[in-house]
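Enquirer: Residue 149 is where the sequence shown starts when you use this note's numbering, and the numbers rise one by one after that.
Please keep in mind that the hints were generated in silico from the structure rather than gathered at the bench.
Treat the hints with care, since some could be wrong.
Using C-beta positions, here's what the derived DEER-type ranges look like [said to hold, decoys possible]: (1) Leu302 to Ser224: 35 to 41 Å; (2) Pro345 to Phe314: 43 to 49 Å; (3) Gln153 to Phe303: 31 to 37 Å; (4) Lys182 to Ile524: 22 to 28 Å; (5) Phe309 to Gln450: 24 to 30 Å; (6) Gln450 to Gln153: 46 to 52 Å.
Subject to a maximum C-alpha distance of 20 Å in a straight line, what follows is the list of computed PhoX-like cross-link-like pairs (lysine-lysine) [stated by the list, open to error]: (7) Lys156 to Lys246; (8) Lys246 to Lys154; (9) Lys182 to Lys246; (10) Lys220 to Lys411; (11) Lys220 to Lys154; (12) Lys223 to Lys154; (13) Lys182 to Lys318.
As the structure is a computational prediction, the values presented were derived from the model and not from experiment.
Cβ atoms here follow ideal geometry from the backbone N, Cα and C, with glycine treated the same way.
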Amino acid sequence: MDNHQKRKLTFFTIGLIFLLSGIEYAVILPTIWKYLQILEAPPYFLGLGLSAFSLSGLLTGPLFGFWSDRWKTTKSIILFSNLFEIVGNFMYFIGYSKWLLLCSRLVTGVGAGAGSSIFGLLTQSTRPEERAGIFAAIMACRQAGLLVGPAFNLFLRLCDFKLGPFVVNKYTSPGIFMCLLWVLLQCVVLALYWDLPPISSEDEAVILEMKQEEDDDEEVPLMQSNEDLSHTYRAVSSNQLETSALSDTQPDHGATAASNPFKNFSASREFLREEVVVLLTAQFITLFNQTALETMVTPLTQRYFGFGELGNSLMYSLCGVEVILGFFFVRWLSSKVADRVVLAVGLVICCTACIWSLVFLCDPRGGYGWELTAFIIGVFLQLLGLPFVAVSQVSLFSKVTDEKTQGFSQGVRRSVGGLATILGPLWAGGLTDNMYIMLGMMLALLILITVMAALSYERLAEPRAVQCAQSSGGGG
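Take these sequences, add in the hints, and give me the full structure.
Expert: Below, the structure written as structure tokens:
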């Protein structure tokens, strides 16, 4: 099997992983609220249950990222993390008490930590110009899961039987269903997933050779050393440039550094740069607002519109269709305009959505028809902005941070997002009766990141690619 086939199968498997994560979210979220009520849990347990998943992902993301960067493997990480998905969903199925339900989401969240390693692999095995499109496609797979998930709920809600000592009903069935799906995914990963080599160290050499054959007058050498190639497509800081320059005079030390990408790594130098801070802030604020709204939606639809499990499932299906179309539009748009333009458009849409919700949803009036229309418009605008911000900030982050430690960097980014998805539900869970405060804070945060992005707009771009030693002594 050649590398091209391995790459396609690996990307297909990654798409399945994100598809299952979306399905899991879609089959559990519409029913977890009433599941907790049956277990006599207080209202704040909804926020705790949603936040527990993010907490474990927050803690394990950087660890899995470090593991993949240091030992150049993601397959073993995915197989290991999926075990937590299997166990956690089985615990959710058992569900004897509200505490076991809370612990099940905590265990399941560990499996989500492998996402940092996956994004690291995608960054290292793709070229910058194609990266946003690939990220958009992978994220669309998760949204496809959100779309397909409610369809499974249509038959899971009909379950009413016993499996040995366990009761299988519309509240417990999502747990055993997801447990079986993750077991099947383990087999797929074993058969179809490969640890792809970084494109800078292998595939890019082939591309440069082909380019040289087409134009013999080019001054670029026909073959470059791996150390040169590793700097062809990567974000660089001043310290990394110094390290790169020294690699020509100290080849042995360069080889050591290549085997350990963290030898000259500095967290403060990597993450406290202006553009990185802006992107991490965008990650936090957009996910904080998104999860806060998701937490608020189920109680809101139940209170004002009388939606049950079926109504919520259908609503999530329609939301999934919109977001998938949004991701594919962003995939096309990212090939036409810069990532920072896509980010700016997304922030404007999100601000508009929050203003609309603040005006029309905090104190709904005008009868059922108008209230439902205002709610639909607010949700539509919120979901419309999501793909723009999500894809652009992930793509930009992968370009302004070091490619060799991308797994760890993506783990930090996802941990920041995990913190947001913890605080978002907790914030919204206690304020479902005071929408002005909840939405007012969300709008203030959106205005903050919009101003930050505007002030740092010139820095929100991929650093110029550096060809090490190309102009000095590159010879031959």
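Enquirer: Could you run down the list of hints and mark each one as holding or not?
Expert: Hint by hint, here is what the structure shows:
Range check, leucine 302 to serine 224: Cβ separation about 36 Å, and the 35 to 41 Å hint holds. Between proline 345 and phenylalanine 314 the CB atoms are about 45 Å apart, so this pair conforms to the stated range of 43 to 49 Å. Range check, glutamine 153 to phenylalanine 303: Cβ separation about 36 Å, and the 31 to 37 Å hint holds. Hint check: lysine 182 to isoleucine 524, Cβ distance near 23 Å, so the stated range 22 to 28 Å holds.
A hinted range of 24 to 30 Å for the beta carbons of phenylalanine 309 and glutamine 450 is consistent with their spacing of about 27 Å. Look at glutamine 450 against glutamine 153: about 49 Å separates their beta carbons, and that is inside 46 to 52 Å. Proposed proximity of lysine 156 and lysine 246 is contradicted: the alpha carbons are some 42 Å apart, above 20 Å. For the proposed pair lysine 246 and lysine 154, the alpha carbon gap of about 44 Å is over 20 Å, so the pair is violated.
Under the criterion of a C-alpha separation no larger than 20 Å, the hint pairing lysine 182 with lysine 246 is consistent with the structure, at around 12 Å. Our distance criterion of 20 Å between C-alpha atoms is met by lysine 220 and lysine 411, whose separation comes to about 15 Å. Taking the CA atoms of lysine 220 and lysine 154, the gap is about 16 Å. The hint holds against a cut of 20 Å. With a C-alpha separation of about 13 Å, the suggested pair lysine 223 and lysine 154 falls inside the 20 Å cut-off, and the hint holds.
For the hint linking lysine 182 to lysine 318, the alpha-carbon distance of about 10 Å falls within 20 Å, and the restraint holds.
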